[in-house]
Amino acid sequence: MNVPDDLLYTESHEWIKREGDNIRVGITDHAQAELTDVVFVELPKMDRQVAQKEPTAVVESVKAASDIYAPAKGTVVETNKALDANPALINTDPFGEGWIFVLKIEDASQLDGLKDAAAYREAIG
Amino acid sequence: MSDSAPKKTPLYEEHVKAGAKLIDFGGWLMPVQYSSIVDEHQAVRKNAGVFDISHMGQLIVSGEKAGSWLDEMLTNNVAKLGVGQGHYTFLLNDAGGIIDDLIVYRTAPNEFLLVVNASRTEEDIAWLQKHLPAGVQLRSRSDEYAGLAIQGPHVVEFFHSLFGSDMAPPERNEIRDFVHDSVPLSIARTGYTGEDGFEVFFPAEHAVFVWEEVLRKGGPIGLKPCGLGARDTLRLEMCYPLNGSDLSPEHNPIEAGLGFFVDLKKEKFTGREKLASDKEQGPARKLVPFRMNGKGPPPRPHYAVYQNGERVGEVASGTLSPSLSVGIGMAYVPTAQAKIGMPLEIEIRGQKFPATIEKKPFYKKS
Chain R
0 MNVPDDLLYT ESHEWIKREG DNIRVGITDH AQAELTDVVF VELPKMDRQV AQKEPTAVVE
60 SVKAASDIYA PAKGTVVETN KALDANPALI NTDPFGEGWI FVLKIEDASQ LDGLKDAAAY
120 REAIG
Chain B
0 MSDSAPKKTP LYEEHVKAGA KLIDFGGWLM PVQYSSIVDE HQAVRKNAGV FDISHMGQLI
60 VSGEKAGSWL DEMLTNNVAK LGVGQGHYTF LLNDAGGIID DLIVYRTAPN EFLLVVNASR
120 TEEDIAWLQK HLPAGVQLRS RSDEYAGLAI QGPHVVEFFH SLFGSDMAPP ERNEIRDFVH
180 DSVPLSIART GYTGEDGFEV FFPAEHAVFV WEEVLRKGGP IGLKPCGLGA RDTLRLEMCY
240 PLNGSDLSPE HNPIEAGLGF FVDLKKEKFT GREKLASDKE QGPARKLVPF RMNGKGPPPR
300 PHYAVYQNGE RVGEVASGTL SPSLSVGIGM AYVPTAQAKI GMPLEIEIRG QKFPATIEKK
360 PFYKKS
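Those protein sequence lines, which keep their order, are chains R and B. According to numbering that gives the first Met the number 0, the first sequence is numbered sequentially starting from 0. According to numbering that gives the first Met the number 0, the second sequence is numbered sequentially starting from 0.
The hints are simulated quantities; they were obtained by calculation from the structure and are not laboratory data. For clarity, every value in this text was computed on a predicted model and none was experimentally measured. From the three backbone atoms N, C-alpha and C, an ideal C-beta is built for every residue, glycine too. Possibly wrong hints are sitting among the right ones.
One-sided excerpt, in silico: chain R residues whose CB lies under 10 angstroms from chain B [as the list claims (entries may be wrong)]: (1) S60; (2) A64; (3) A84.
All chains, please: the whole structure from these sequences, using the hints.
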């Protein structure tokens with residue numbers, strides 16, 4: 000299972016990429032393999048304010064809908080519109096073209112509790 | 000349903016080996032998917048797929064009066080079945096509510112096989128036992144028997160690869176006994192996918208052999224092992240009901256739009272009174288298929304359904320159709336508003352999405 004070294008990870012299988020004051024968020028290869036067949040992604044509205052661990056997007060497979068949580072408090076500054084036309088990007092390129100949203104965060108210390116790649120690899124066995 | 004740990008079919012180890020994701024379904028640990036639901040769905044629509052249906056109940060009813068008694072217990076006309084023939088039917092309570100939907104086969108002049116839903120098996124047996132007259136025997140062979148559904152447009156080729164090109168397969172709804180490599184197989188031409196297909200029943204001790212043989216002989220026609228996920232999307236594209244979602248004791252076959260499987264010419268059967276009056280006066284509600292208007296999140300069970308701004312019910316079954324790439328579902332709505340072409344709204348996470356009542360089935364072979 001692919002777990003890139005330069006990302007941070009949540010217990011709920013989001014990945015986080017730090018980009019200055021922003022974080023880019025998607026779901027991991029492990030998560031997409033568990034879901035399979037992503038058929039719809041509900042993106043958050045631009046400028047929406049979200050609290051840490053607030054459900055921010057929804058990824059739907061044929062079988063179930065899964066909430067995607069904000070890893071930190073922040074404001075939605077970008078969403079991946081390509082997922083509207085092609086939700087399967089989450090399956091084919093979860094760490095690249097399958098990113099879901101970008102948050103401008105207020106307190107980077109909220110990321111301190113996240114797992115690094117080694118810890119996430121251990122968590123998913 | 001019991002509170003104990005879920006039961007395993009004789010093919011449990013094979014599912015694990017094949018990399019299946021397993022879920023508790025009606026008290027059974029069953030494969031929901033092996034590769035992906037869409038992949039398995041397409042295999043059945045284009046080539047063939049095999050499903051473990053060993054969890055389903057298999058009941059044997061026998062005795063001189065078995066047929067006439069079953070005609071009082073079931074909605075369809077058992078007397079019309081010749082030996083080797085089967086049909087879809089309902090087991091109802093006194094109020095006409097659905098206890099179970101099943102297929103009954105006449106396997107000998109005075110012997111019948113009932114293939115029932117896994118989650119309803121115990122309840123069916125209790126109900127039948129309670130009404131069992133002298134001279135009729137009821138037994139369950141569910142624990143000693145396994146079953147596979149082999150479904151898809153290429154299954155006849157598959158049949159010939161097992162039994163030779165001279166052997167004719169059973170006709171639609173027919174069940175016949177065959178032997179392959181000294182394993183006895185009862186093969187029925189039935190299914191739950193809308194494709195041509197067989198359902199095969201055999202003693203559980205042969206389950207692993209038969210499974211491996213099906214995968215090996217099915218390889219050349221593109222046969223894949225398929226889970227409950229694909230079984231659900233395939234059946235819903237055909238508007239075949241799922242017990243527990245679309246059918247329950249709160250609904251009867253007339254409301255479910257399945258009056259075809261009810262013979263009201265029979266003078267007496269459990270639940271007849273309610274069905275006759277619903278048939279004559281029209282039921283209060285009807286189960287309708289609906290399709291989402293355009294792209295959006297797929298409808299799912301229990302989402303609220305609105306008509307003219309008023310909440311009228313909830314989604315019974317819903318999914319994204321892999322064949323049509325659009326959200327599809329079924330819901331009970333007031334009969335006056337249950338007409339093809341009428342609009343509905345499905346509430347998904349607080350937002351209402353438009354849908355339209357459709358004619359069944361959603362999927363038609365091109």
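- Hint check, failures only: none
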